[in-house]
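> Heads up: the sequence shown is residues 1 to 34, going by our numbering.
Check each hint, because a few of them may be wrong.
FRET-style restraints, in silico, Cβ to Cβ [said to hold, decoys possible]:
| no. | residue 1 | residue 2 | range |
| --- | --- | --- | --- |
| 1 | 7 | 27 | 24 to 32 Å |
| 2 | 26 | 6 | 24 to 32 Å |
| 3 | 22 | 2 | 37 to 45 Å |
| 4 | 2 | 30 | 35 to 43 Å |
Simulated from the structure, these hints should not be mistaken for lab results. It should be emphasised that the depicted structure is a prediction, and the values quoted were computed from it without experimental measurement. Note that the Cβ used here is the ideal one computed from N, Cα and C, for glycine as well.
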Amino acid sequence: MNVGQFLNVHLPFLQTVLFKMNVSFNFCTISPVL
């Protein structure tokens, strides 16, 4: 499996994980302010 195939398979999953991490990070950053 080359890098392109690897990214095609795993990119949606990684984007989902990064998105969730980003959202929880933003939430944790904003929560103390609220």
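> Compare the structure with each hint and give your call.
Okay, the hints, checked on the actual structure:
Checked against the hint of 24 to 32 Å, the C-beta distance between residue 7 and residue 27 comes to roughly 28 Å, which is consistent with it. Roughly 28 Å separates the CB atoms of residue 26 and residue 6, a value that falls within the hinted 24 to 32 Å. Checked against the hint of 37 to 45 Å, the pair residue 22 and residue 2 fails, with Cβ atoms roughly 28 Å apart. Between residue 2 and residue 30 the Cβ separation comes to about 40 Å, which falls inside the hinted range of 35 to 43 Å.
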